[in-house]
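J.: Now for the letters of each chain:
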Amino acid sequence: MPKTISEKILADHAGKPEVSPDELVEVRIDFAHGNDITAPLAIEAFRRAGAKKVFDRERISLVPDHFVPNKDIASAIQARMLADFAKEFDLPYYFEVGRMGVEHALLPEQGLVLPGDVAIGADSHTCTYGALGAFATGVGSTDLAAAMITGRLWFKVPQSMKFIFKGKLRPWVGGKDMILYTIGKIGVDGARYRAMEFTGELIESLSMTDRFSMCNMAIEAGAKVGIITPDSITQEYVSARAKRPYKFYSSDPDASYEAVYEWDLSDLEPVVAMPHSPQNVKQVTEIPKTPIDQVVIGSCTNGRLEDLRLAAQVMKGRKVARGVRCIVIPATQRIYLEAMEEGLLEIFIEAEAAVSTPTCGPCLGGHMGILAPGETAVATTNRNFVGRMGHVDSKVYLSNPAVAAASAILGRIAHPEEVLS
Amino acid sequence: MKIKGKTWKFANDVDTDAIIAARYLNTTDAKELAAHCMEDIDPEFASRVRPGDIIAAGKNFGCGSSREHAPIAIKGAGISCVVAQSFARIFYRNSFNMGLPILECPEGADRIQTGDELEIDLDSGVIQNITRKETYRAQAIAPFMQKLIKAGGLIEYVREQTGL
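So the sequence lines, in the order shown, correspond to chains A and B. Note that our numbering gives residue 208 to position 208 of the first sequence, counting from 1, and the numbers run on in steps of one. Note that our numbering gives residue 108 to position 108 of the second sequence, counting from 1, and the numbers run on in steps of one.
Any given hint could turn out to be false.
[Unchecked claim] Which bits of chain A does chain B cover? Going by a derived footprint, with three or more residues having C-beta under 8 Å, they are:
id	region
1	45-53
2	140-154
3	184-192
FYI, nobody ran anything at the bench for these hints, they're computed from the structure. A virtual CB, placed ideally from N, CA and C, is assigned to each residue, including glycine.
So that you can see chain B by itself, here it is in the shape it has in the complex:
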């Protein structure tokens, strides 16, 4: 599967309170959450982001709380993929569980800047930076995580496994 979009670049240690502040956690609605995505670090992000756009970030993206509202807000905002130098572990797990594609790519995360147009091949992990005419390779996704993606997320995987 290939993804093409314009990039929003964020720094290191973007925490889940920055992705979606707790004051908005009295809803689980993706659209409502998306309207406040990244509000405390970029108040204009939610209104300017376009469906298919990509987030690039430094190390430890999604650190802090376990709130699944964070990947839900990002996905709800239309983001098609997050490329980071590294991810906090609960965010990493949550993203796979609810079907938000994310890639660890230290080299790419370093080079990509806001506005860059990327083409990402999710199967091979190859990231083309069309703006800068560069190519990066993301770290391979573990076979079990690939099984989750193929099943369509953890809940679908559980249904397959339990025969529900």
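Next up, chain A with everything else stripped away, as it sits in the complex:
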């Protein structure tokens, strides 16, 4: 039977010739990770199970990134649990502050998650690695504990949905706009339990940065995975950094899909997701001039070097508007260093933006940029639920990095061309 990329990866990891949608399979896990919010519960479950060892110390990563550098004593205690567990089991891929990054930027960068993997993480945005052609999905802490012990987990084989992107993107439109457009079309549960497969000429020409942004937000449509067939762009990204062998899978041309969407995005302007849902999508040109109080450029969605370059292009030689706080967060230490070497950080600082060490912090209302009642933010992050970045009466608009930068300069939601013209 013709199969999709997701079905082929799951079949190989289940040790079966083939698997079909809705079948329950137990699969081998190539990589498992947790963070400072989810790993403490996983470690407690690991102990409760009476486990004395992990299944493979080189296939587990612990990344304190949400509330670090530790924001308070309670958070410090949680982060300490990760450090202690990593020491006890001699885990080589525990990343301390100073070496860490936002997990979904860091693990691909370090060559730890790879094409063809089944990767799980106790974080919903684990689906980011689908950009590499991996079957990667977020799970809870108890699942992470089970995976750390046994190296295996149960999954229901998802139905696949195919999204074909055609045309040529306009300037300042990228992967973030493509995924927001998609969520706007199908809704926050439009791909619930499904594998979203992104294909078409637009995907083939997309950089890894944009591919990561797209797959990152598959969960915002309810999907189990977002996945892109690996190609020469993937190969170039992976070959220099892979820590172990990897395998490229692809869907058979006549594989069966629950739904197929085909869109020509040639006319698409940059989009924003309005409060309080990622499906509440409008083109920037369609929305009223909305004053803002804060801009956040970073996160597992848009904190990569290319994202920072876009923001810097808009901000170069300009100042953040009075009354606006702009916070730029390179997603990993390496990205931070590269942004410094390229002079991007200088551009941000001269524009009077704050540049932070890597952290998830403000995205989830943790720290490093919490909103007061009545405040409005433009963020390159992935969720704009009620209270997500702070007070229940604050608002978040999601956008790409260029729109966020333009909004910071003009003090209202803006198209980059309004700044540059």
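Using the hints, position chain B against chain A.
T.: Below, chain B without anything else, positioned relative to chain A:
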């Protein structure tokens, strides 16, 4: 196993930030998490909910993050069961893994309102709405999920399987 309780009704797409906001995720204590359960959509919920109460909701309940703190907060608040039109997948998995009974029942989720008294038979999936004198049938729980429940959750299942 039968559950009887009063219902709290919520809308579609209740996200995990609404169930338990990230600002409270610097603890794993069920009681502390329960004290802030649903705070951003119903600030009075945590103080008014009673042990054994039931949550009913629309589609995609528990969407958003993978935080297991969400089912922990709900369970910690004394909620005995969640009945929804549909669940987000990570929340669904987490609930079974840590022993919070949840049922998909589009028909019931539509009809049930706050304050309704329900009697739920978890084995058969039959939901009696005592207040409205109606009966709904929830979707059957997959055999593997039933194995998890019988074992007492994923960790206990893993112990059985690995002989730990």
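J.: Hint by hint, say whether it matches the structure.
T.: Here is how each hint holds up against the structure:
1. With 5 residues bearing a CB less than 8 Å from a CB of chain B, the region 45-53 of chain A meets the requirement of three and the coverage assertion stands.
2. Against chain B, the region 140-154 of chain A contributes 9 residues with a C-beta closer than 8 Å to a partner C-beta. That satisfies the three-residue criterion, and the hint holds.
3. Three residues within the 8 Å Cβ limit are the bar, and the region 184-192 of chain A against chain B gives 3, so the coverage statement holds.
The structure shown violates none of the earlier numbered hints.
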